[in-house]
Amino acid sequence: MTLVPNLMTLDALAVGQSGTVLHITPLPADQMEDGVDLARRLMELGFVPGERIRMLKRGLPGGDPLAIRVGNATFALRRFEAALITIQPLT
Amino acid sequence: MGAVENITGAGLHKPTHQPQIALLGNPNCGKTALFNRLTGSRQKVANYAGVTIERKEGHFTSPAGKPVRVLDLPGAYSLSPTTPDEAITRDVVGGLRPGDPRPDAIICVVDATNLRLNLRLVLEVKRLGLPMLLSLNMTDVAKKRGMLIDTVKLSQELGMPVVETIAVQHDGEKALLAAIDAMLPLPQATPQPLSAIDSVSVEETQREVRRILAAVSNDAADSGNLTEKIDNVVLHPVFGPIILAVLMFLIFQAVFTWAATPMEMITGGVEQLGAILTANMPDGHLKSLLVEGVIGGVGSVLVFLPQILILFFFILSLEDCGYLPRAAFLLDRMMGGVGLSGRAFIPLLSSFACAIPGVMAARTIQNPRDRLVTIMIAPLMTCSARLPVYALIIAAFIPEQQVWGILSLQGLVLFTLYFAGIISAMAVAWVMKRSMGSKTKQALLLELPSYHWPHLRNLAVSLWERAKIFLTRVGTIILTLMIILWFLSTFPGPPDNAIHPPIYYSLAGILGRGLEVIFAPIGFNWQICIALVPGMAAREVAVGALGTVYALSQSGDALASTLEPLIAHSWSMATALSLLAWYVFAPQCLSTLSVVKRETGGWRYPLLMAGYMFALAYGASFITYRVALLLGA
Numbered sequence: 001m002t003l004v005p006n007l008m009t010l011d012a013l014a015v016g017q018s019g020t021v022l023h024i025t026p027l028p029a030d031q032m033e034d035g036v037d038l039a040r041r042l043m044e045l046g047f048v049p050g051e052r053i054r055m056l057k058r059g060l061p062g063g064d065p066l067a068i069r070v071g072n073a074t075f076a077l078r079r080f081e082a083a084l085i086t087i088q089p090l091t
Numbered sequence: 001m002g003a004v005e006n007i008t009g010a011g012l013h014k015p016t017h018q019p020q021i022a023l024l025g026n027p028n029c030g031k032t033a034l035f036n037r038l039t040g041s042r043q044k045v046a047n048y049a050g051v052t053i054e055r056k057e058g059h060f061t062s063p064a065g066k067p068v069r070v071l072d073l074p075g076a077y078s079l080s081p082t083t084p085d086e087a088i089t090r091d092v093v094g095g096l097r098p099g100d101p102r103p104d105a106i107i108c109v110v111d112a113t114n115l116r117l118n119l120r121l122v123l124e125v126k127r128l129g130l131p132m133l134l135s136l137n138m139t140d141v142a143k144k145r146g147m148l149i150d151t152v153k154l155s156q157e158l159g160m161p162v163v164e165t166i167a168v169q170h171d172g173e174k175a176l177l178a179a180i181d182a183m184l185p186l187p188q189a190t191p192q193p194l195s196a197i198d199s200v201s202v203e204e205t206q207r208e209v210r211r212i213l214a215a216v217s218n219d220a221a222d223s224g225n226l227t228e229k230i231d232n233v234v235l236h237p238v239f240g241p242i243i244l245a246v247l248m249f250l251i252f253q254a255v256f257t258w259a260a261t262p263m264e265m266i267t268g269g270v271e272q273l274g275a276i277l278t279a280n281m282p283d284g285h286l287k288s289l290l291v292e293g294v295i296g297g298v299g300s301v302l303v304f305l306p307q308i309l310i311l312f313f314f315i316l317s318l319e320d321c322g323y324l325p326r327a328a329f330l331l332d333r334m335m336g337g338v339g340l341s342g343r344a345f346i347p348l349l350s351s352f353a354c355a356i357p358g359v360m361a362a363r364t365i366q367n368p369r370d371r372l373v374t375i376m377i378a379p380l381m382t383c384s385a386r387l388p389v390y391a392l393i394i395a396a397f398i399p400e401q402q403v404w405g406i407l408s409l410q411g412l413v414l415f416t417l418y419f420a421g422i423i424s425a426m427a428v429a430w431v432m433k434r435s436m437g438s439k440t441k442q443a444l445l446l447e448l449p450s451y452h453w454p455h456l457r458n459l460a461v462s463l464w465e466r467a468k469i470f471l472t473r474v475g476t477i478i479l480t481l482m483i484i485l486w487f488l489s490t491f492p493g494p495p496d497n498a499i500h501p502p503i504y505y506s507l508a509g510i511l512g513r514g515l516e517v518i519f520a521p522i523g524f525n526w527q528i529c530i531a532l533v534p535g536m537a538a539r540e541v542a543v544g545a546l547g548t549v550y551a552l553s554q555s556g557d558a559l560a561s562t563l564e565p566l567i568a569h570s571w572s573m574a575t576a577l578s579l580l581a582w583y584v585f586a587p588q589c590l591s592t593l594s595v596v597k598r599e600t601g602g603w604r605y606p607l608l609m610a611g612y613m614f615a616l617a618y619g620a621s622f623i624t625y626r627v628a629l630l631l632g633a
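Going down the list, the protein sequences come from chains A and B.
All residue numbers for the first sequence refer to the working numbering, where the first residue is 1 and numbers rise by one.
All residue numbers for the second sequence refer to the working numbering, where the first residue is 1 and numbers rise by one.
No wet-lab data here; the hints were simulated from the structure.
The structure presented is a predicted model; accordingly, all values stated were derived computationally and were not measured.
Among these hints, one or two may not hold up.
[As the list claims (entries may be wrong)] Derived pair list, reagent style SDA-like, types lysine to any residue, alpha-carbon separation capped at 20 Å:
hint	chain 1	residue 1	chain 2	residue 2
1	B	K468	B	R598
2	B	K229	A	R58
3	B	K229	A	L60
4	B	K229	A	A39
[Unchecked claim] Over 12 Å on every C-beta distance to chain B, these chain A residues come out as not near it, computed from the model:
hint	residue
5	L7
6	T9
7	A82
From the three backbone atoms N, C-alpha and C, an ideal C-beta is built for every residue, glycine too.
Required output: the full structure, derived from the provided sequences and hints.
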């Protein structure tokens, strides 16, 4: 998938930076955990297009997992989960 | 009671049906605290049929005098489940569980500080067409943060009554009780099938949530709150892991140092009781049964109550204040290295108290393979029942001295034993995950809730529950086993020309000497072998059993309190270390194995677990014993 230059996935966001959710990519069927629709669950937790999010923390080593603020809640995601979320960073 | 109601109601109206209300909400919304407020002690905790998911039901009488039954459903983010917990919630509200009738009404409990997340579930459940009530919980915190919510408008928007509640405050449930009364008798509902929740897309529902929020609240800025400031330190890449390690270490130090005084008091009491009986009873079998069997055996287990309560105090406090998910965050990477999710941390930490709640808590892990591996390694976390065994041997063999001036050597050895359990658990997880060869990626998706002070009343209630469970075990299983063991250890009596203590010739002695053939290579004598057998029902019984065995091996008034110097004299250091290594793996806990059978639905995994743990225990003890002998211990 080619992205417009300004767009990125959530896992690439720097600590303290904010962004707006644009799109959630469903996980390919062969990587799905038995019957769990990860994209749907992310949306249920508030990661829906238009929502403001902020990167709070990155774990060490390797910047995994991530702590992300969405709405008034904070969720810990692994990097591959965050990579499903396309965002527009706010500068 | 039901019969009386039917008679008085006959001819006037239909037999009264006690309305059943279900509490439903996201995890961390204060639902269970509210349930405790409503029902007080009038609750029944059991399991849902066929699964080991806790089913909490209670009843209360409304201010207008109407009896109401209330069910506390497992926390859920959605009715499209990703965990067995959420599946139960979906099935109960959808009326899909044969044993659990569909609730007559639903009280949706929401966290007022986080409506954006919580309201989505409310809109979803509303599509099922059941009578509903919204309990806006934690309104005190919301007000403190400057969040204003127009409840009248919210009620209009949602089309259901809305009340403010503060579950952690006295009378915080008052408005809810009044609203329940106003709802009764419940209107005739036409419930929709579960598929109704998908009549609107997730995105559309979220848009609706945002529209409602814009209309009813001022949406206070979320930056700069205290939780975030604490997280800046607690989740810090360097300080975070240090804080976690220090915290864990302090807990193990406290388990030893804080408990010392109450333990001495219990020992003193048990000794006095034994002395009184010894002085006032005629010699004979009954005196031996009471003094050596009951008081000697049960007393030596009872003494560990303070240590168990201190351990639970820390685990429950950390859980209550919201630290545990942070620890999972910090450890996710490390757990990921052996193929587990950070989510596995919470069940594994619970396993330090007891593997049974740990195995059950594993159901919050979405991935079935992750869940299975977590269940399989849970018993390697040193449970509180192993603590008595460790404590006894450490006290008898490890000198009481300071290391680097501040740390107690005994605490350090205990920490090492716990650490050995963790390391072997990680190794077993790694091997299991590799042999399963799964290609799917595991999601973490863990909420990091706001911090709050542990609620003392809830903490006290939970600790009391733990004490009750422990004392019940002592009074039932352990007492029974001690009596059986006394009989086995006393009969048949010794021959006239006996050269050994009487127990040597008893049934237990014969059994112990038989087992000694297997266990001699790892340094266990026949007395230890006898203790291992009742230890299968409950690990801490091994200590009580040693108490009984050694009391019977001695003359007359030797009591459990003297067990420590006794084993210090009769065991070599190598035997003591070998037994410690054995208990790191301790494959013998029948209750854990039976819970694993229920959770995994068959004999395959419990048998595999018993097998691999026995092999590890024997191997570790063998190496420990042989190495210790070589080093001259």
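Status of each hint after checking the structure:
no. : hint            : verdict
1   : B/K468 - B/R598 : violated, 24 Å
2   : B/K229 - A/R58  : holds, 15 Å
3   : B/K229 - A/L60  : holds, 19 Å
4   : B/K229 - A/A39  : violated, 30 Å
5   : L7              : holds, 19 Å
6   : T9              : holds, 15 Å
7   : A82             : violated, 10 Å
Checked against the numbered hints above, the structure violates hints 1, 4, 7; every other hint is satisfied.
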